[in-house]
Amino acid sequence: MNRYPLWKNIFVVFMILMGLIYAIPNLFGESPAIQVTPAKSTSKVDPTLLAQVEQILQKEKIAYDGIYLDARGVKARFANTDTQIKAKDLLQANLSSDYTVALNLLSRSPDWLRSIGAKPMYLGLDLRGGVHFLLQVDMKAALDKAAERFVGDFRTALRKERVSYAGVTREGQTVQIRFTSATELAKARKIISNQYPDLTLKDSVNGEDIVLSASLNAIEQKRIQEFALKQNIQTLHNRINELGVAEPIIQQQGTDRVVVQLPGVQDTAKAKEILGRTATLEIRLVDEEKSDAMTLEKAEKGQAPVGTDAFKDREGRAILVKKNVVLTGDYITDAGPGVNGQTGQSVVNVTLDARGARVFQQVTRENVGKRMAILLIEKGNTEVVTAPVINEEIGGGRVQISGMANTQEATDISLLLRAGALAAPMDIIEERTVGPSMGEENIKRGMHSTLWGFAAIAVFMIIYYLAFGGISVLALGINLLLLVAILSMLQATLTLPGLAAVALTLGMAIDANVLVNERIREELHSGNTPQASIHIGYDRAWDTILDSNVTTMIAGIALFLFGTGPVKGFAVVHVLGILTSMFSAVVVSRAIVNWVYGSRRKTTHLSIG
Amino acid sequence: MEFFRVKKDIPFMSYGRLTTAISMITFVLAVVFLATRGLNFGVDFTGGTMIEVNYPHAADLNKIRTTIDSIGLKDATVQNFGTSRDVLIRLPVRTGLTGAQLSDKVLGSLKAVDDSVQMSRIEFVGPQVGTELYEKGSLALLLVIAGIMIYLALRFEWRFAVAAIIANMHDVVIILGFFAFFQWEFNLTVLAAVLAVLGYSVNESVVVFDRVRENFRKMRKATVTHVIDNAITRTMSRTIITHFSTQLMVLSMLLFGGEVLHNFALALTIGILFGIYSSVLVACPIAMWLGVSRANLMSDVEKKDSDKKETHPDPDPSEFA
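Keeping their order, the protein sequence lines are chains A and B. If you use our numbering, the first sequence corresponds to residues 1 to 609, in order. If you use our numbering, the second sequence corresponds to residues 610 to 930, in order.
Treat the hints with care, as some may be off.
Claimed, not checked - Below, computed lysine-lysine pairings styled on DSS-like, alpha-carbon distance capped at 30 Å: (1) B/Lys672 x B/Lys745; (2) B/Lys672 x A/Lys222; (3) B/Lys683 x A/Lys270; (4) B/Lys720 x A/Lys86; (5) A/Lys140 x A/Lys270; (6) A/Lys444 x B/Lys720.
Hints in this document: simulated from the structure, not taken from any laboratory. Since this is a predicted model, take the numbers as computed values, not measurements.
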């Protein structure tokens, strides 16, 4: 009477087989690897890249265990980290800068497993080491910057249409244009409302002047904020590509936040520095006319003359620069460190795009003999990196910035310039860094907890319930197998709390088996035959198991919805574990019981203690 | 083997006053500790920086303290973490410096004194994030409570839902009370443990309630008290075996899980111990006092032939507040 129909048995066997196949990659472990990915979206991933990488490695006789091409790039496995690092240096030297070479870990599982998508579990940062950042974009600054741009745009537009105005200033996110006559204002209003339909315009009177105020409307504000976020994410992408990180995660979170995860980064301090830097570059002209000793002294105390800003250079001297920005970092297409042939100083060679080159050429032509200041703006501090005299008109968009302290600084600044500027400053509001050795330690801790706990439960269950205890343990083992398989299949991030959830889920899952076993015992005590007891035991226990798991599930789902980072990892495993445990404790253990006892016609005794 | 072969039903419900008194006392104590000592929130909730470093030899805490003092971080706390070679440095939120800069500064100064120091982990949580986690944590707790109550109300009856939630909230408060009393650090992982316990303990109540419902069907003549006593006695074995097994796993976590999982496992241990007690000896009396009866558990057809005399009057609210 206790027999499963054939399809059900096949189903159970099928599930266990699938579980085995998808769980197996976790046993092979990982070996050091290198991945070569295109740094720019224009570079292609094709077999020629694979051949190129192979050729480079073979030429230097660097042995690799495996090499293959996938959608993202070329990956090669090595026997040890020494070879891995040697190969990385070699590839970096030989491949063009269009490709990023990053250290990675790859599963040692055989190719056929990979081809069916069976991969080991995806380990979270706390298990493999790495950096997690939550960055907040300063949206107010983004809007201010946008408003600042309008100041310049309005001046140009009004001048072009020959509208006379008294001045353009920015008050927060509102741009105010002062006029002396109402007719001029009306003219200006028409021009601006035509060219910038997204601005809200307002007239007011301020003393003798009449003022036209332009402010960003809600839609425009939203657009600017979205753009700032997108631009910042792009910039982060570029910077991280420069760092050479395998499988970085850069995601938007909410409306003004970005999550960055860099697994396996060894030099966390460097990563933080590169990401955290908010440097932007500005080129402005030095205001030579006002730069007399008296004004400079005053400017140092914060009283810079109208239309100028006072900043300090590297020696701490004040320099007056015009408010008008000639160029920003946005016009830079490439930047690299170098050495000036004449002075031997470290420099940064900058290449500008066509528009930038044109502006630069025009400005240098008009200002020969004057000084031009290169400003580095970081976290609200502006520093004059260098302020060389313009000797001649500079065309072609190639600019050399001198004044670097050493090669390291030249390299860092070029990286920042090349990776592009941030549209708005960002602050790191959350950081979780785990050292690589700590990651391994955490894996060990999680594994040991689970395995020893499992062993203890197994011993206890077998002593207490004999054969039925053994069946329960087998079912629990299959539960673990299925859970690992599902986690591997979904490639859900496994964290240390996730590992704890594996252990806890197993500890809780045994409940279902205990319920069944107790129920069967009870039925036996009340005089039922063994076969009937098994039948009734499983039947009656099912309702209870369902109810109790639903409540646990509710807790798991709430954690998933509201949890972040490690807690989310806990929740995912917990919820999946509840599902697998219901299946294994009810369906699988019943299948085993049926298989052991179901076909015996005259069972007089159940080995249930 | 069988530990609990009880022939007669144990009259649990007649101990109602005693068990309620015990509950009330532990509960009140927990609340008092929570109010006077408060929870020792980790950086997850308060914001701040936590740096864990590892030395190949036993760490000299005094030297580390003076080093950190010397770079102007006088409000840092330095303590061993797990072993004598691991050191945990905590810094409160600071204006003007981001956590990333702060941790670099600390590590730099430690490296200058002793080059063998290794960074194990850095956690920095900005104040705004801390507040959010706090809010989200509370929301998660509310959602769990609401979800469980709705489910139990649908599946059983509102009296059971109320009884189960009161019993299990009492567990949660007691866990928090322990954390307040011993000033163990309360972080996100512990919150996860608390919520997991909440779901898990409700399990217990569900198992017993399930039996109560079944008994109401089978034991037509029995009084409510008798029905509940029988349900508890019949499920007692399972309750203890299950909890024991779960505790084996948690114990393994306590022993092998390291410092990070330590408080998580502690919260679970307290939750499991009090869970056994409360889900049986707190939830059932409350359900009884709320007037649970055959009539309000059975479907309409069965309601007709159920005995009206067995319905209990609504209790004096002060009895179980």
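Evaluation of the provided hints:
1. The suggested pairing of B/Lys672 with B/Lys745 is violated, with an alpha-carbon distance near 39 Å, which exceeds 30 Å.
2. Of the supplied pair hints, the one linking B/Lys672 and A/Lys222 is violated, its CA atoms being roughly 52 Å apart against a limit of 30 Å.
3. The suggested pairing of B/Lys683 with A/Lys270 holds, with an alpha-carbon distance near 26 Å, which does not exceed 30 Å.
4. For the suggested pair B/Lys720 and A/Lys86, the alpha carbons sit about 28 Å apart, so the restraint of at most 30 Å is met.
5. Between A/Lys140 and A/Lys270 the alpha-carbon distance is near 28 Å, which keeps this suggested pair within the 30 Å criterion.
6. In summary, the hint linking A/Lys444 to B/Lys720 is supported, as the alpha carbons are separated by about 27 Å, within the 30 Å threshold.
Checked against the numbered hints given earlier, this structure breaks hints 1, 2; the rest are met.
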